[in-house]
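Participant: Here's the letter readout for the chains.
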Amino acid sequence: MQVLWVFLLALMGSAGFGQNTPKPIFENDRENFSNSGYLKLSWTWEAKAGNADAPIFHLQRSQDAAFAHAKTIYKGPDFASFRSGLNNGLYYYRIRAALPDGSTSGWSDPVLVEVKHHSLALTFTLVGLGAVVFLLTVIIVVQGARRTT
Amino acid sequence: MILLGILWVALGVYWGKKAKSMEGFMLAGRNVGLAFGTATAMATWVTSNTTMLAPQFALQLGIWGMVAYSTAAFGLFLFAPLARRIKDVMPKGYTSGDFIRLRYGKAAWYVFLAISIFYGFTWLISMGMAGGILMNALSGIPYQTGMTAILLVCVLYTLFGGLYAVIGTDYIQSLIIMIGIVIVGAAVIYSIDLETVYTDLRAEKPMLLNALMPAAVMAIFNNLMFGIGEVFHSNVWWSRAFAMRKGVGQRAYNLAGFMWLPVPIAAGFIALTSSSMGVNITSPDMVGPLMAGNILGKTGAIIVFIVFFSSLASSIDSLLAATADLITEDIYKKMIAPNIGEDKLRKASSVVIVGLGLLAWLVCMPRIGTLATVLFFAGPMVASTIYPIAMGLFWKSANARGALWAMLLGTAIGLIAYFELGWYTASLISAAVSIVVTTAFAKLKPANFDWNYLDEKIPEKPN
Amino acid sequence: MFFPQPFFKILILTALLMMSAGAITLVGMLVKDIQTKRLW
Numbered sequence: 028m029q030v031l032w033v034f035l036l037a038l039m040g041s042a043g044f045g046q047n048t049p050k051p052i053f054e055n056d057r058e059n060f061s062n063s064g065y066l067k068l069s070w071t072w073e074a075k076a077g078n079a080d081a082p083i084f085h086l087q088r089s090q091d092a093a094f095a096h097a098k099t100i101y102k103g104p105d106f107a108s109f110r111s112g113l114n115n116g117l118y119y120y121r122i123r124a125a126l127p128d129g130s131t132s133g134w135s136d137p138v139l140v141e142v143k144h145h146s147l148a149l150t151f152t153l154v155g156l157g158a159v160v161f162l163l164t165v166i167i168v169v170q171g172a173r174r175t176t
Numbered sequence: 036m037i038l039l040g041i042l043w044v045a046l047g048v049y050w051g052k053k054a055k056s057m058e059g060f061m062l063a064g065r066n067v068g069l070a071f072g073t074a075t076a077m078a079t080w081v082t083s084n085t086t087m088l089a090p091q092f093a094l095q096l097g098i099w100g101m102v103a104y105s106t107a108a109f110g111l112f113l114f115a116p117l118a119r120r121i122k123d124v125m126p127k128g129y130t131s132g133d134f135i136r137l138r139y140g141k142a143a144w145y146v147f148l149a150i151s152i153f154y155g156f157t158w159l160i161s162m163g164m165a166g167g168i169l170m171n172a173l174s175g176i177p178y179q180t181g182m183t184a185i186l187l188v189c190v191l192y193t194l195f196g197g198l199y200a201v202i203g204t205d206y207i208q209s210l211i212i213m214i215g216i217v218i219v220g221a222a223v224i225y226s227i228d229l230e231t232v233y234t235d236l237r238a239e240k241p242m243l244l245n246a247l248m249p250a251a252v253m254a255i256f257n258n259l260m261f262g263i264g265e266v267f268h269s270n271v272w273w274s275r276a277f278a279m280r281k282g283v284g285q286r287a288y289n290l291a292g293f294m295w296l297p298v299p300i301a302a303g304f305i306a307l308t309s310s311s312m313g314v315n316i317t318s319p320d321m322v323g324p325l326m327a328g329n330i331l332g333k334t335g336a337i338i339v340f341i342v343f344f345s346s347l348a349s350s351i352d353s354l355l356a357a358t359a360d361l362i363t364e365d366i367y368k369k370m371i372a373p374n375i376g377e378d379k380l381r382k383a384s385s386v387v388i389v390g391l392g393l394l395a396w397l398v399c400m401p402r403i404g405t406l407a408t409v410l411f412f413a414g415p416m417v418a419s420t421i422y423p424i425a426m427g428l429f430w431k432s433a434n435a436r437g438a439l440w441a442m443l444l445g446t447a448i449g450l451i452a453y454f455e456l457g458w459y460t461a462s463l464i465s466a467a468v469s470i471v472v473t474t475a476f477a478k479l480k481p482a483n484f485d486w487n488y489l490d491e492k493i494p495e496k497p498n
Numbered sequence: 378m379f380f381p382q383p384f385f386k387i388l389i390l391t392a393l394l395m396m397s398a399g400a401i402t403l404v405g406m407l408v409k410d411i412q413t414k415r416l417w
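Residue numbers (this note's numbering), protein chains in the order written: chain A, 28 to 176; chain B, 36 to 498; chain C, 378 to 417.
For reference, chain A alone in the conformation it holds in the complex (with noise of 0.2 angstroms):
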């Protein structure tokens, strides 16, 4: 008998209660590229039929796929989160929703965000570049004062 309740109350926890609250939907590609270290993450949710309390988002970042060593970088009722600063690598990020009742969803499938920044060689070209054309703006307008005043 014991044996029984114990199996019902697993069956309830797996597929009643907790795991049927759904799970967010990250709005970004699987896997996403940025060469400035910064994007939007934005996830979309989906409440249960007659269920109307809102959801606080626990949304997760983690250098490793397998979320070993995860960090909570967010907690609370937005659909999105602008992320900046990055350094070079990748980032997994997931995302569940908790309720009001005590309930969680699974972690959502995680997007995967390489951050790669632009070569030093090219920058360091560009503000070169920049550097020489500023300079002549510079030369041409100041002498140009000069001679006509």
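Hints may contain errors.
Once the Cα atoms are required to be at most 27 angstroms apart in a straight line, the calculated DSSO-like pairs of lysine-lysine come out as [to be verified]: (1) C:K409 x B:K281; (2) B:K369 x B:K141; (3) B:K431 x B:K281; (4) B:K52 x C:K414.
Rather than coming from a laboratory, the hints here were simulated on the basis of the structure. From a predicted model like this one, the values you see are computed outputs, not experimental measurements.
With chain A fixed as given, assemble chains B and C onto it according to the hints.
Facilitator: For chains B and C alone, coordinates are given in the frame of chain A:
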């Protein structure tokens, strides 16, 4: 907001009484002094873009992002000698279009007008939309109502008071902007320790503090050239150069540059406190108002609201007036009705202001988010005009074909860079192309321009 | 290579100070222009 709106319109009507002639209406009597001259240049350059985009730059590109934004002040510094030169060679001029037409003839003029009006109009729309979005975010007024109100107020006072009203209100608005930003900034520093902010950034958003963040470092000179292009070509700045009293222009633009320089940093750093304050940013373009409201509560929201309203109004009015002048003077008077009397021209000018306002309102109505990004296309377009303008004012040898090809090639190649490399390279590439083309034509096929043409002392040369 | 912490602080404080100075200068210029009747 209603109070501010009524104040601006009332001042417009009051100053409008001074604007009896067309010169008074378009150029405020050409006798504006140092205080008003400085304030109008500074306030106009503080747009919704400064107060909204500077925090966004800080959030995306970090410290270099704010500094990169500040370099736009060089647009004002470098325009200062130009303002003096413009007043010298064209004491009776009206618009930047006048200059291009007299200096380079019709073909370059058409291209220039297309660039200039595209830029002016997209800027106007982006601010109308920004106004609506901000009002909505800060006070819950529906987008359409807020956007309509701000456009209506600006159209009304520009219509009644012309450039007198624009410049007069700019003075009050620039004081409001400066004091408001200082209050908000000081309150933020008071409520959160900058050292904590720094430590949190190091841990959470390290690239923002990195002195070698590639995208941010690239943005420095790009933003600089964008700023120079905007100021050099736009009739907003030319009409102010014409309007200021002789001897005032250069000093006014230099002072305005110094007053503007700190604004992006003072307004932008608030965005960097978001990690420390535990505030989630859902949309980077709203980070400024969001953080100010979060840190300062209701009082903060009201101050921010007034500052934004002022910075929007001070630029919308200027754009309305200057773009309307360009259309009235360059298109209507010079292309359609050359012998028109002053009364009729004034009427035409009013029709154009209302028409522009109405058109901007119609485009803003559906709130298409992607429209704002169109403004960034203007970067390479305006940067390509820098050298046709600067060399055209100082070098006799600069010539029409150089100017035409500089604008066309600069824009085209700049737009390619925009899509291939990123928006933070487009203006710089365009400026680089433009300087090479303009110089090459001036050296290989030098013209020998007679400056007297600019003052229309000698009848126009057939081109 | 990171911007040092003092730089971060000084940059922001300088910006705020410059803006205060700017506002005061602007008022001063207006007073002077009104006194000398050279407003416009």
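Participant: Take the hints in turn and mark each one as holding or not.
Facilitator: Structure-based check of all given hints:
Of the supplied pair hints, the one linking C:K409 and B:K281 holds, its CA atoms being roughly 18 angstroms apart against a limit of 27 angstroms. Between B:K369 and B:K141 the CA atoms are separated by roughly 11 angstroms; this keeps the pair inside 27 angstroms, and the hint holds. Between B:K431 and B:K281 the CA atoms are separated by roughly 23 angstroms; this keeps the pair inside 27 angstroms, and the hint holds. Pair hint B:K52 plus C:K414 holds up; C-alpha atoms about 19 angstroms apart against a cutoff of 27 angstroms.
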